[in-house]
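> The lines below spell out each chain.
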Amino acid sequence: MNNIRKNRWKDQVFKIWGIFCTLIGLVLLVVFIGDILIDGLTRINWDFITNLPSRKPENSGIYTALMGSIWILLLTTIIAFPIGVAAGIYLEEYSKKNRLSGLLEINISNLAGVPSIIYGLLGLEVFVRIMNLGASVLAGSLTLSLLILPIVIVATREAIKAVPSSIKDASYALGASKWQTIWHQILPASGGGILTGVILALSRAVGETAPLIVVGALAYVPFVPQSPLDEFSVLPIQIFNWISRPQAGFIENAAAAIIVLLAITFVMNGIAVYFRNKWQKKWK
Amino acid sequence: MEIIMEPSIMKINTLDRIVDHSLKKVPKIDLQGVKVWYDDFMAIKGIDMSVKQNTVTAFIGPSGCGKSTFLRMINRMNDYVDGFKMEGKIKIDGDNIYKKKVNVEELRKKVGMVFQKPNPFPKSIFENVAYGLKIQGIKDKDFIKERVESSLKQVALWDEVKDDLKKSGMALSGGQQQRLCIARTLAVEPSIILMDEPTSSLDPISTAKIEELIYQLKEKYTIVIITHNMQQASRISDYTAFFYLGELIEYDKTKKIFTNPEKTQTENYITGRFG
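Taken in order, these protein sequences are the chains called A and B. Residue numbers are given in the UniProt record's numbering: position 135 of the first sequence equals residue 135, and the series is strictly consecutive. Residue numbers are given in the UniProt record's numbering: position 169 of the second sequence equals residue 169, and the series is strictly consecutive.
Simulated from the structure, these hints should not be mistaken for lab results. Beta carbons: idealized from backbone N, C-alpha and C, even for Gly. Heads up, some of the hints might be wrong.
As the list claims (entries may be wrong) - Where chain B lies over chain A, by a calculated footprint (3+ residues, C-beta under 8 Å):
hint : stretch
1    : 163 to 173
2    : 182 to 194
What the hints assert, rightly or not - List of simulated lysine-lysine pairs, DSSO-like, C-alpha gap at most 30 Å:
hint : chain 1 : residue 1 : chain 2 : residue 2
3    : B       : 139       : B       : 123
4    : B       : 91        : A       : 178
5    : B       : 35        : B       : 110
6    : A       : 278       : B       : 166
7    : A       : 278       : B       : 167
8    : A       : 178       : B       : 253
9    : A       : 96        : B       : 109
10   : B       : 100       : A       : 97
11   : B       : 91        : A       : 161
What the hints assert, rightly or not - Pulled from the structure, derived: some chain A residues nowhere near chain B, Cβ distances all over 12 Å:
hint : residue
12   : 15
13   : 16
14   : 22
15   : 34
16   : 38
17   : 47
18   : 57
19   : 126
20   : 176
21   : 240
22   : 262
Could you build the full structure based on these sequences and the hints that come with them?
So this is what it looks like as structure tokens:
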């Protein structure tokens, strides 16, 4: 075999290996989703969405958990979005590039890799105990905000970095202040990218279980939170709770709840992809 | 579209110009002992120079000779560069612009800048020209409309774009974009315009239009332009400054530089023997 044929053969082998590896992921996902759909799809109806949890699986619904998840999602957005974006803008546009900013940068990236249960422990100590918020929606949201802040900050910085410096120069040269340049040029140009990052971070937050369990979210809540200081449950915890029950009916419920949770994440990711594409087109 | 002039603002502007003309004897821009460092690298090694009002001054020299840095000193665009340090004085109309209390934003309204690559904002043509006024807090819509129109007319772009002012500035051709960028600068009514190789990315026809424009703008503005095109420098400028390795080698009337330069280095550069 000469060299060219050998290289071609290697190329083919790698290609097949690549296809195989891709398929592993895809097949597993399809099997998992298929299994969940078979188990849970029949269980999904309006009553399942609007019923409160019950001791009888056929009467049980996800209403409180779904509302809890929505509360958590909204509060986490309200807390993490402005703080994360502001921090990203500061680091990218205002802070001088020196050792301190380098250290900050590395640590923020590291924070994105800290296991989520650690954030749960931090939230339990700081928000639940020291700030005395109890096992409330607010404490949970604050904890999840901490968890996603690094992601939001990094996404904001990347989006701002992608704005051509010629645009900033043009704005400054016309007598715009830093803030005017950020507000009128940088944010509109990077908004799509920032939004994409925030949505992806939030879709991670909505699936988190461990930190909320540590903070003290309840598995059984017979009411919908009325204020940020009420106790709450969320979909992943409801699912976890149902799966650990012996009755077969609850397993079905869990599968149905997983479908709802997956749907929420998929929709959020879809919105993120939509914004990303729209934003990329603008700059081409 | 009905145009309503803003009488009070018009009056102030004419007044300004009269005062400006009476000051003609003071150099418009006076640079004294200017040294610039980027961290440890010395980009400008001590330059003295003065620029007269209502003239076009060309900066020539090989890439990396410091002419861009020097130009950006005049509207303090180097302030945001990491590791930037400077020494010396730069006076515009007699006032040192590097004094502590100087408002950089106000300075940049007085000293406009046009860049190498056309860089319109990803906004409409109208918004591009109106941007400089809007950030000054001007809300008078008729005044903004009038100023947008007059600025676009000055750069001879009005007839080409008057029917689609709402179109994105980025949809224009390269030459049109650059004229839009000049119009955007004119809308703020600066007295000095800095141009950093404004035609280097344009075709010959667009270049000719911009050169013609520069020639006309000289009546109202003081222009400093960087160019790598020797013919362009000799065509449009009154004075030419030759930079090399962070130093000002020769600065004189353009005619003198191009016909009878003092230094052999200058001669070698303009005749294309090096650089």
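> Compute the least Cβ-Cβ separation between residue 38(A) and chain B, then decide whether it is above 12 Å.
holds, 49 Å
> Please confirm whether residue 240(A) is truly not at the interface, meaning its C-beta sits more than 12 Å away from all C-beta atoms of chain B.
Holds, since 47 Å exceeds 12 Å.
> Starting from residue 96(A), check that the Cα of residue 109(B) is at most 30 Å away, please.
holds, 25 Å
> With the threshold set at 30 Å, check whether the alpha-carbon distance from residue 100(B) to residue 97(A) stays at or below it.
Given pair residue 100(B), residue 97(A) holds - Cα atoms ~22 Å apart, limit 30 Å.
> If you look at each residue in the stretch 182 to 194 of chain A, do at least three have a Cβ nearer than 8 Å to any Cβ of chain B?
Held - the stretch 182 to 194 of chain A has 4 residues with a Cβ nearer than 8 Å to chain B, which meets the minimum of three.
> Quickly compare the C-alpha distance for residue 35(B) and residue 110(B) to 30 Å and report which way the hint goes.
holds, 23 Å
> Between residue 91(B) and residue 161(A), is the straight-line Cα distance small enough, at 30 Å or below?
Given that 30 Å is the threshold and the Cα spacing comes to 34 Å, the pair is violated.
> Residue 262(A): least C-beta distance to chain B exceeds 12 Å?
Given that every Cβ of chain B is farther than 12 Å from that of residue 262(A), nearest at about 36 Å, it holds.
> Does the structure keep residue 278(A) and residue 166(B) at a Cα separation of 30 Å or less?
holds, 20 Å
> Residue 47(A): least C-beta distance to chain B exceeds 12 Å?
holds, 49 Å
> Confirm or reject: residue 15(A) is not an interface residue toward chain B, with every Cβ-Cβ distance exceeding 12 Å.
Holds: least Cβ distance 40 Å, greater than 12 Å.
> Over 12 Å from every CB of chain B: does residue 34(A) meet that, or does the non-interface label fail?
holds, 44 Å
Consistency note: the structure conflicts with the earlier hints numbered 8, 11, 20.
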